[in-house]
Amino acid sequence: MAPGRAEMSAQDPMLPQVSHLQQRQQENHNTFSFVCPSPLPAFAPGQFSMLYVFGVGEVPISISGSPLQPELQTFTVREVGQVTRALARLPEGTALGLRGPYGSAWPLDQARGQDLLIVAGGLGLAPVRPVIYSVLAERERYGRVWLLHGNRHPRELFYKAELEQWAAESQLDLRLIVDSADRSWRGQVGVITDLLRELADDRDFAPERSLAMICGPELMMHFSALRLLEMGLTPARIFVSLERNMQCALGFCGHCQYGPHFICKDGPVFAWPDVAGLLALKEV
Amino acid sequence: MAVSREQIQTQRYLKDLDPRFLDVLLGCADEIYCEAGDCLFQLGGKAEAFYLLKQGVIALEIHSAQRGTITIQTLRSGDLVGWSWLFPPHKWHFDAHVLETAELIRFDARAFLAACEADHEMGYQMQQRFARIMLDRLQFTRLQLLDIYGTGPR
Ligand SMILES: Cc1cc2nc3c(=O)[nH]c(=O)nc-3n(C[C@H](O)[C@H](O)[C@H](O)COP(=O)(O)OP(=O)(O)OC[C@H]3O[C@@H](n4cnc5c(N)ncnc54)[C@H](O)[C@@H]3O)c2cc1C
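Keeping their order, the protein sequence lines are chains A and B.
Under my numbering, residues 1 to 284 are what the first sequence spells out, in order.
Under my numbering, residues 1 to 154 are what the second sequence spells out, in order.
Some clues are possibly wrong.
Said to hold, decoys possible - FRET-style restraints, in silico, Cβ to Cβ:
#1 A:G93 - B:L135: 51 to 59 Å
#2 B:E103 - A:G143: 44 to 52 Å
#3 B:T101 - A:Q171: 27 to 35 Å
#4 B:F87 - A:L136: 24 to 32 Å
#5 B:A131 - A:D201: 38 to 46 Å
#6 A:G232 - B:G78: 13 to 21 Å
#7 B:Q139 - A:L136: 30 to 38 Å
#8 A:G93 - B:W83: 55 to 63 Å
#9 A:E164 - B:R12: 26 to 34 Å
#10 B:F87 - A:G81: 41 to 49 Å
#11 B:K46 - A:L68: 57 to 65 Å
To be verified - Below, in silico cross-link-like pairs of lysine to aspartate or glutamate (EDC-like), each with a Cα-Cα straight-line distance of 16 Å or less:
#12 B:K54 - B:D30
#13 B:K54 - A:D202
#14 B:K54 - B:E103
#15 B:K54 - B:E6
#16 B:K46 - B:D108
#17 B:K46 - B:D119
#18 B:K15 - A:D201
#19 B:K54 - B:E35
#20 A:K265 - A:E230
#21 B:K15 - A:E243
#22 B:K54 - A:D201
#23 B:K54 - A:E243
#24 B:K54 - A:E198
#25 B:K54 - B:D18
#26 B:K54 - B:D95
To be clear, the hints were calculated from the coordinates, so they are not data collected in a lab.
All figures in this text were calculated on a predicted structure; none of them were measured in a lab.
Backbone N, C-alpha and C fix where the C-beta goes; we use that ideal spot for every residue, glycine too.
Required output: the full structure, derived from the provided sequences and hints.
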């Protein structure tokens with residue numbers, strides 16, 4: 001008899017389960033989203049899956065959909081190299097291998113009852129979107145919620161309809177900023193730390209009851225965390241999500257070693273004190 | 001229209017300023033309004049004032065034949081606008097285009113610089129604050145230059 005799903009993963013954790021690519025949607029010039037019916041266990045916001053493009057290779061991708069719909073896994077992928085480019089060219093219905101979910105999650109338990117500061121740069125919005133879905137599903141359990149999002153240019157913004165909807169429903173305080181823009185953009189131009197500086201002036205901002213989740217390029221996380229510390233958040237109230245080249249995702253191969261940590265099993269979500277000394281350091 | 005102390009005192013870079021110096025600043029200040037679409041100042045124009053934006057949105061812009069008008073920074077309520085008045089040749093480096101009707105406090109730079117010249121303690125205090133603004137802006141500009149959201153060379 002063929003082994004059940006759980007038995008199969010227990011026998012060989014490296015063996016992907018087969019799913020299919022559905023609902024492909026172009027987000028911007030090099031970023032796209034799609035959905036896979038999930039043969040995997042439920043995930044927590046912040047976790048990732050290993051996606052296998054048959055015959056090409058495997059990549060870790062954060063799950064960007066709603067944890068309230070565990071039967072689906074949504075991914076948002078930027079084309080950067082061999083596997084992600086191949087993924088971008090797959091037509092809907094193509095079979096894909098999935099294994100996971102892996103890694104640590106954003107500390108939603110700790111965030112309940114607190115004000116929540118979600119700071120997302122560029123593609124970093126994808127791994128925090130499950131946090132937003134979770135928070136909005138039980139909005140009354142959180143205090144103020146800010147979503148600060150920085151991107152390169154208005155044309156690179158994605159999840160636009162959702163961003164607008166969240167802002168319109170006043171469920172969270174959305175602040176967008178882009179590095180540069182032409183005149184057709186009516187929003188803010190500057191960098192994400194501008195948004196943090198503004199927040200510091202906000203009467204509703206109280207560092208002692210705020211918890212920050214930062215996700216984006218490492219430099220953006222580094223400077224955002226430093227600014228948040230200046231604004232009075234204690235290091236233990238700041239969380240970041242790190243990426244490193246990864247192969248097994250199980251803590252065996254050592255590819256994603258980051259100082260004393262393995263990103264795949266100790267991360268990708270870390271509390272700031274665990275990685276503060278490592279971020280922006282050469283050769284880590 | 002007379003400008004009140006509170007309007008200046010709450011600005012993030014002017015907080016905790018010695019009340020004596022606040023009074024001098026007040027003496028150089030008046031209120032102005034700009035409609036959306038107005039130009040507060042233009043590249044190459046004489047920089048004779050700096051502004052505290054009370055309300056509205058202002059875009060600092062530059063034009064290029066190839067890329068059209070590029071917004072490099074937007075300024076909002078609570079922001080101080082302009083520092084080209086501090087050093088020769090006292091000319092603006094960008095256009096300041098009003099995106100949303102703006103209420104501003106305008107500080108006469110010449111009167112203010114004369115007051116700083118007469119009272120070096122005040123000059124020092126104010127230079128410290130403008131240095132802080134410039135340092136912040138430099139850090140932000142570095143981040144913009146790093147193109148942190150880009151995918152880098154392939
Ligand atoms: C925990 C985790 C979660 C991730 N989540 C996502 C996600 O949600 N969406 C997503 O698009 N990517 C995500 N990534 C990054 C993704 O795994 C890589 O982009 C992917 O592995 C690249 O594989 P490739 O074969 O396409 O490129 P490769 O052929 O391996 O690399 C090609 C080029 O791209 C560069 N490159 C590799 N990774 C990145 C990167 N992250 N950013 C910029 N340049 C890169 C390489 O340095 C190289 O120059 C995540 C990574 C980790 C570790």
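A quick look at each hint next to the structure:
1. Between G93 (chain A) and L135 (chain B) the beta carbons are some 55 Å apart, a value that agrees with the proposed interval 51 to 59 Å.
2. The beta-carbon spacing between E103 (chain B) and G143 (chain A), approximately 31 Å, falls outside the hinted interval of 44 to 52 Å.
3. At roughly 29 Å, the beta-carbon separation of T101 (chain B) and Q171 (chain A) lies within the given 27 to 35 Å, and the hint holds.
4. Remark: the range hint 24 to 32 Å for F87 (chain B) to L136 (chain A) is contradicted by a beta-carbon distance near 50 Å.
5. Distance hint check for A131 (chain B) and D201 (chain A): the Cβ-Cβ separation is about 20 Å, which falls outside the suggested range of 38 to 46 Å.
6. For G232 (chain A) and G78 (chain B), the Cβ-Cβ distance of about 18 Å falls inside the hinted range of 13 to 21 Å, so the restraint holds.
7. Judged by the Cβ atoms, the range 30 to 38 Å given for Q139 (chain B) and L136 (chain A) holds: they are separated by roughly 33 Å.
8. Look at G93 (chain A) against W83 (chain B): about 58 Å separates their beta carbons, and that is inside 55 to 63 Å.
9. Taking the beta carbon of each, E164 (chain A) and R12 (chain B) are about 29 Å apart, inside 26 to 34 Å as hinted.
10. Under the hint 41 to 49 Å, the C-beta atoms of F87 (chain B) and G81 (chain A), about 47 Å apart, fit the expected range.
11. Taking 57 to 65 Å as the suggested C-beta distance range, the pair K46 (chain B) and L68 (chain A) conforms, at roughly 60 Å.
12. The straight-line distance between the Cα atoms of K54 (chain B) and D30 (chain B) is roughly 12 Å, inside the 16 Å bound, and the hint therefore holds.
13. With a C-alpha separation of about 15 Å, the suggested pair K54 (chain B) and D202 (chain A) falls inside the 16 Å cut-off, and the hint holds.
14. A distance of roughly 5 Å separates the Cα atoms of K54 (chain B) and E103 (chain B); the hinted pair therefore holds under the 16 Å criterion.
15. Between the alpha carbons of K54 (chain B) and E6 (chain B) the distance comes to roughly 11 Å, so the proposed pair stays at or under 16 Å and holds.
16. Under the criterion of a C-alpha separation no larger than 16 Å, the hint pairing K46 (chain B) with D108 (chain B) is consistent with the structure, at around 12 Å.
17. In summary, the hint linking K46 (chain B) to D119 (chain B) is not supported, as the alpha carbons are separated by about 25 Å, beyond the 16 Å threshold.
18. Pair hint K15 (chain B) plus D201 (chain A) holds up; C-alpha atoms about 11 Å apart against a cutoff of 16 Å.
19. For the suggested pair K54 (chain B) and E35 (chain B), the alpha carbons sit about 14 Å apart, so the restraint of at most 16 Å is met.
20. Annotation: proposed proximity of K265 (chain A) to E230 (chain A) is violated, straight-line Cα distance about 30 Å (limit 16 Å).
21. The suggested pairing of K15 (chain B) with E243 (chain A) is violated, with an alpha-carbon distance near 40 Å, which exceeds 16 Å.
22. A hinted pair counts as satisfied when its Cα atoms are at most 16 Å apart, and K54 (chain B) with D201 (chain A) qualifies at roughly 14 Å.
23. Annotation: proposed proximity of K54 (chain B) to E243 (chain A) is violated, straight-line Cα distance about 41 Å (limit 16 Å).
24. For a cut-off of 16 Å, the pair hint linking K54 (chain B) to E198 (chain A) stands: about 14 Å separates their Cα positions.
25. Restraint check for K54 (chain B) and D18 (chain B): the C-alpha separation of about 21 Å exceeds 16 Å, so the hint is violated.
26. The straight-line distance between the Cα atoms of K54 (chain B) and D95 (chain B) is roughly 19 Å, outside the 16 Å bound, and the hint therefore fails.
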